[in-house]
Structure formats: structure tokens, C-alpha cells
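S.K.: Spelled out from the first residue to the last, the chains are:
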Amino acid sequence: MVQNSSEQHRPLTVPEEWRSGVHNRLTEISTDWSSDQDAFKNVPWGKAMMWIFLVSDTFIFTCFLTGYMTVRMSTTEPWPVPSEVFALTIAGHHIPLILIAIMTFILITSSGTMAMAVNFGYRRERHKTALLMLATALFGASFVGMQAFEWTKLIVEEGVRPWGNPMGAAQFGSTFFMITGFHGLHVSIGVIYLSTVAFKVWRGDYQSRGYEIVEIAGLYWHFVDLVWVFIFAFFYLW
Amino acid sequence: MEHVEAQQHPIGLYLKVWLLLFVLSTMSYMVDYLEFQSYLRWFLILLFMILKAGLIVAVFMHMSWERLALKCAILLPPLALLIFIGLMTMEADFTFIVRSIFFGQ
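Chains A and B, in that order, are what the protein sequence lines are.
With my numbering, the residue at position 155 of the first sequence is 155, and numbering never jumps.
With my numbering, the residue at position 95 of the second sequence is 95, and numbering never jumps.
A couple of the hints might just be wrong.
As the list claims (entries may be wrong) - Capping the alpha-carbon separation at 30 Å, the derived lysine-lysine pairs in DSS-like fashion look like this:
#, chain 1, residue 1, chain 2, residue 2
1, A, Lys-153, A, Lys-200
2, B, Lys-16, A, Lys-41
3, B, Lys-16, B, Lys-71
4, B, Lys-16, A, Lys-128
5, A, Lys-41, B, Lys-71
6, A, Lys-200, A, Lys-41
7, A, Lys-41, A, Lys-128
Stated by the list, open to error - Short derived list, chain A residues pointing at chain B, Cβ under 10 Å:
#, residue
8, Val-43
9, Thr-62
10, Met-69
11, Met-73
12, Ser-74
13, Thr-109
14, Ser-188
15, Ile-189
16, Ile-192
17, His-222
18, Phe-230
Bear in mind the hints are in silico, worked out from the structure with no lab data behind them.
As the structure is a computational prediction, the values presented were derived from the model and not from experiment.
Cβ coordinates follow ideal geometry from the N, Cα and C atoms, glycine included.
Between the sequences and the hints, there should be enough to build the whole structure, so can you do that?
M.R.: Right, here's the structure in full:
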């Protein structure tokens with residue numbers, strides 16, 4: 001009888017041949033999330049915090065882009081054509097959207113150098129890491145410089161203001177300055193952040209502590225690039 | 001110090017993704033340069049955008065090597081934003097209709 005009841009109360013187990021990848025992953029995630037402060041295993045706390053900050057930043061940028069979508073869909077005035085507004089005449093050729101395209105390539109290049117910096121950080125080659133981070137920061141600074149040029153051209157030559165512009169719907173200016181301004185602020189902060197960490201890497205501050213800080217700074221920088229992918233698609237191309 | 005080997009991947013992978021991002025950016029620029037319009041334009045813009053975003057998050061931000069617990073905690077909450085965007089689409093359509101009626105356009 002005793003044996004029989006223990007047989008009945010044996011915990012439910014899945015036969016070995018039923019254990020799929022999905023089952024193993026579900027076991028993994030329920031075990032991870034049942035372990036209180038150790039929920040994110042193999043992830044340093046600074047990295048988890050950076051990820052959570054980036055999620056909150058995702059919500060902020062999505063709110064801006066959704067606000068832009070709402071005013072663009074609901075206006076009865078024609079929306080200015082971004083392809084023409086952001087065109088440049090270089091050496092006599094009228095090229096649509098060229099400055100924005102160059103800015104996109106610069107930001108992607110900077111993401112590449114940042115990924116390399118993280119890699120060399122974990123290889124503990126601190127001088128290469130610092131130089132690659134510095135290169136990333138310089139690409140970022142040149143991006144902000146081009147943005148300043150773009151803003152100046154728009155304000156001075158095209159007469160775009162947050163409350164109106166000669167090309168069409170008044171909301172164009174307010175959403176443009178808000179979204180690209182907030183993104184530019186992120187890039188500027190990133191340049192300062194990366195330069196600071198690069199200096200400390202060069203000095204050897206992380207030789208004993210490890211180089212996770214480079215990966216954490218890298219997460220922030222890649223996120224700035226990620227946001228630009230969405231701004232480029234929705235504001236400039238749409 | 002036990003995390004030293006944590007996110008160590010071959011440099012060749014980063015270079016390939018880097019190159020792919022360049023190609024995808026060029027293609028999304030060509031959408032504008034070649035003046036594709038309407039649904040083809042919107043489809044291509046979204047396609048290249050999602051591919052670029054996916055590559056950045058998966059490889060550059062190392063998300064594909066993280067455990068499922070972190071993946072879910074980071075990637076699932078933003079899905080709520082899709083509902084918000086859907087609601088705001090309805091709101092914008094409504095505002096547009098009201099404006100069209102009252103401004104007589």
C-alpha cells in the first residue's frame with residue numbers, strides 16, 4: 001500500500017524521448033526566474049541594468065515616433081516630401097537624401113568599430129580597445145556635426161520652425177526637431193560616455209576588474225544606432 | 001574574472017554582419033533613390049528596417065547568445081507598444097475624418 005501511494009504521488013515527469021528543445025528551454029527559463037536575485041545568470045548586474053534602461057528608452061522613442069505617426073496621419077495639409085527637403089546639391093548634382101544616407105553609414109561604421117572594441121576588450125588588449133572606442137566616439141561626433149549642419153540648413157535656408165514651414169504641414173518641424181534632437185542628444189551623451197570609458201581602459205583601470213564595462217557601453221552605443229534605423233525608415237524614407 | 005570569456009566571438013562574424021548592414025542600408029537608400037512608391041515602398045522600407053534591427057540586436061548586442069530569461073525580459077515588453085501603435089492609428093484616422101468634415105476638404 002505504501003509503495004502504491006508513493007507510486008501515485010511520484011512527480012510528473014516527461015519521458016526522455018518527449019523532451020524537446022522547447023521543453024528544455026521552458027525548464028531553463030522557469031528555473032532562472034525562480035532564483036530571485038540570480039534571475040539573469042552569467043549577466044553582470046551593470047549589463048542587466050543597461051538592458052532595462054534601454055527597454056525604457058525604447059518606450060520613449062516609440063512614443064515620439066507614434067506621436068509623429070499620429071500627427072502625420074491626421075493632418076489635412078500635405079506632408080513635406082523628406083526626399084526633397086533633405087536633398088543636397090553636390091558638385092552640380094541634385095542628390096536626394098544624400099546627407100542622411102552618409103549619416104546612416106557613419107553610424108553603422110561606428111557600430112562596427114564598437115563591436116570590435118568589445119571583442120578586443122575580452123581579449124584583454126586594452127590599447128586596441130581604447131583606440132577602437134575612441135574611433136567610435138569620433139564617428140559619433142562627426143554624426144552630431146552633420147546633424148548640426150542639417151538643422152542649420154533647415155532653419156536658415158528652408159525656414160523650418162517647430163510651429164510651421166513653407167513646404168506644408170506645420171507638424172513636420174515639431175516632430176523633426178523633437179525626434180532627431182532627442183536622438184542627437186543620445187549620440188552626444190554616448191560620445192562623452194565612450195571617451196570616458198576609453199580613457200580609463202587605456203589607463204588600465206579594468207585590468208583587475210574585467211572588461212564588461214566595454215560591452216555595457218557598447219550596448220548603449222548599438223542602441224543609438226538601432227534607434228537611427230527606425231528614424232531613418234519612418235521619418236526620412238516613409 | 002570568470003566572465004572574461006563571456007561574450008567572445010570570432011571577429012569574422014562581426015565583419016560579415018557589418019558588411020551586411022552596409023548592403024541593407026544601401027538597399028533602403030535605393031528605395032528612395034529609385035522612387036519606389038506606395039505598398040512596394042512601405043514593404044521594402046519595413047523589410048530592410050527589421051533585418052537591420054534584428055542583426056544589430058542579435059549579433060552586435062549579443063542577444064542571440066543570452067539565456068532565454070534575459071531575452072524574454074527585454075524583447076517581450078516592447079510588444080505592448082504594437083497595441084499602442086494600433087490604438088493611435090485608429091485615433092489618427094478618426095481625427096482625420098473629423099477634420100475633413102469640419103474643414104470641408
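S.K.: Tell me, which hint numbers fail for this structure?
M.R.: Numbers 1, 14, 15, 16 - these are the hints that the structure violates, sorted from lowest upward.
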